[in-house]
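Chemist: Spelled out, the chains give:
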Amino acid sequence: MAKRDNWLVRLHPGEVPARYLHWSYSLALGWLAAALFVICCATGVLLAMHYRADATVAYGSILDIVSVVEYGRVLRSVHRFSGEAMIVCAVLHLAWVFLRRNRTGLPKWNWVVGAGLAVLILLTNFTGYLLPWDQTSYWGVTIGASMLDYTPWVGPLAKQALLGGSAVADESLVRFYALHVVVLPAALALLIVYHLYRFKRDMINRRDAQNADVAHPGRPTMAAALPTLYYWELASLLAALAVLTLLGSYVDAPLAGPADARQPPNPAKAPWYFLWIQELVSYSAVIGALVVPWLLLAGATLLPWLPGVGRPTRPAGPRARWCWNAAFLAVWAGVVALTIVAACFRGQNWSWIVPWR
Amino acid sequence: MTARTAAIICAVLCCLSLGWTMVQQRRVEWETYQRQYVDALSSGSGQTKGLPGVLETRVDSFGVRRVDRCTTCHLGVSNPDFVGQPPPLSFHPRIGRHDFGTFGCTLCHQGEGRLLTQEGAHGFEPASPQPLLDLRYIEASCTRCHRGDEGDRVAPKVASGRALFMMSDCFGCHQIAGLADGAVGPDLTEVGLHRSAEALRMALADPTSDVVHSPMPPWDPARSDELDALVTFLESLRGAREAYVYQP
Chain U
1 MAKRDNWLVR LHPGEVPARY LHWSYSLALG WLAAALFVIC CATGVLLAMH YRADATVAYG
61 SILDIVSVVE YGRVLRSVHR FSGEAMIVCA VLHLAWVFLR RNRTGLPKWN WVVGAGLAVL
121 ILLTNFTGYL LPWDQTSYWG VTIGASMLDY TPWVGPLAKQ ALLGGSAVAD ESLVRFYALH
181 VVVLPAALAL LIVYHLYRFK RDMINRRDAQ NADVAHPGRP TMAAALPTLY YWELASLLAA
241 LAVLTLLGSY VDAPLAGPAD ARQPPNPAKA PWYFLWIQEL VSYSAVIGAL VVPWLLLAGA
301 TLLPWLPGVG RPTRPAGPRA RWCWNAAFLA VWAGVVALTI VAACFRGQNW SWIVPWR
Chain Z
358 MTARTAAIIC AVLCCLSLGW TMVQQRRVEW ETYQRQYVDA LSSGSGQTKG LPGVLETRVD
418 SFGVRRVDRC TTCHLGVSNP DFVGQPPPLS FHPRIGRHDF GTFGCTLCHQ GEGRLLTQEG
478 AHGFEPASPQ PLLDLRYIEA SCTRCHRGDE GDRVAPKVAS GRALFMMSDC FGCHQIAGLA
538 DGAVGPDLTE VGLHRSAEAL RMALADPTSD VVHSPMPPWD PARSDELDAL VTFLESLRGA
598 REAYVYQP
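Sequence order for the protein chains is U and Z. When we follow our numbering, the leftmost residue of the first sequence carries the number 1, and every step to the right adds one. When we follow our numbering, the leftmost residue of the second sequence carries the number 358, and every step to the right adds one.
Hints are computed from structural coordinates only; laboratory data are not their basis. As the structure is a prediction and not an experimental result, all values here were calculated from the model. Note that the Cβ used here is the ideal one computed from N, Cα and C, for glycine as well. Don't take each hint at face value.
Claimed, not checked - To give an idea of the interface, some chain Z residues facing chain U are shown, with a C-beta separation under 8 Å as derived from the structure: (1) 361; (2) 364; (3) 375; (4) 382; (5) 418; (6) 421; (7) 473; (8) 513.
Claimed, not checked - These stretches of chain U come out as covered by chain Z in the derived footprint (C-beta under 8 Å, 3 or more residues): (9) 50 to 60; (10) 70 to 78; (11) 238 to 244; (12) 247 to 261.
Construct the entire structure; sequences and hints are all you get.
Modeler: Set out below in structure tokens:
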């Protein structure tokens, strides 16, 4: 086969260690997240043709989408669920990359880019959450945005800029719409491309380093990345599409009654990906909304530079690796547990309830 | 498993899933009723014409535009041949000068006029604060436009509900702009917008089911006529946000 040269080829590394091409190496989680982004863009464009970002008619346009727009019901469900699945895939991708890191540590800059992508994915989901303008979305965003209040100086300013006022209102809907359909997806697309480009650079750097060190004993066998990577990408996209359309044709994306600023539901819950913060806030506002989230974000971003994570210093050895893995898993277990508690076991006035009774 | 095999398997699964979704989404509830209607129309001649498809009435004269697609299923509303037919095909007698093209359906009956499933349109699927209004309380809708003495004349149930509200000293605790200024219980000025008739009836019969420590005395459920009137009156309270003046 003749060597091709185009932007798609250039986005991929030429040679990677042969084991990278086996499905078990990456579980295709990164590709899945990217595939879900593509699905979100495609369904999002179709939905944008019917949606109106105006508080008086937004809810009605959603009702139109689910009732008279051809396949609108499925489109909305697929869009919603693939957006949320993107969070899951991105987070699992980060976790998997961290847990199976080798002795050279994590690719530093690309890890930071990955963490940035995760934050962007969360923001894109959060801004999209408001658009149906139903009770759940209105009050969910009210709760989510109010978490910013606890961060001194910057928080209230950021909230004001995001909402276009002190509370969720018509202006917020227009801002969230602009962010959700233009700013954040564009940023995501650019950063995804940069993420892939960084991966390619890291592969080239590694190959050069290995070529300079011919006698290195642990040299992996290299293999051509293409077309195998193409196949994995295609498989991820098609698998995601298959699962989501099937899911979307049976399960509707949630929709409550129209937003009513005078009737807060009890309990009002944040979107599920911020529920763990809300649960923490119910114990202590300062710890829950200020200390823990920002510490976790900083920690997750700077993970590759932490001692013992990257190039091991001699005495640290494998023990440091296991300590970090245990700490990492413990934090994630905590976040998941808090989310489940807040989602299922909290009722009126945030009191304990048993969901199956 | 090679990458190529995986891609091929996923492609096949994707085609199956998309195809199944296309087939499955083609089945819509309203086609059943339209087929019944068309069959009933052509029962003599034996020939079946095409189905009318989604029908809608846009109502712009009363506040924010309403889009009522109710006649997609309720095809017999203005066809006198369908007097006495079971719903959804039954005939709707005309009430005074209200023609359906101008007033639509949800202005009086409430519900989600845009939705095309029974569950959704009748207002149970998205937890609607204004589900289909039971006919016992339908007079609550008259006072959207007919107010004052005229309102009491066309909607006597609202008037008797208001009389009960005043006679039973409800105004001592509840606030209703322009009528009562109690400050103990919830403000009822817009209660009809936020609460469904059924929720109001339950709250009247058993206040503690609604507000745990409510000091409000329960209304004897046996006095059903009084409850009907009270709920009709409360449902008619929509504040200034949905008070219409008909402008042709």
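Chemist: Which numbered hints are broken by the structure, listed smallest first?
Modeler: Hint check: 5 and 8 fail, others pass.
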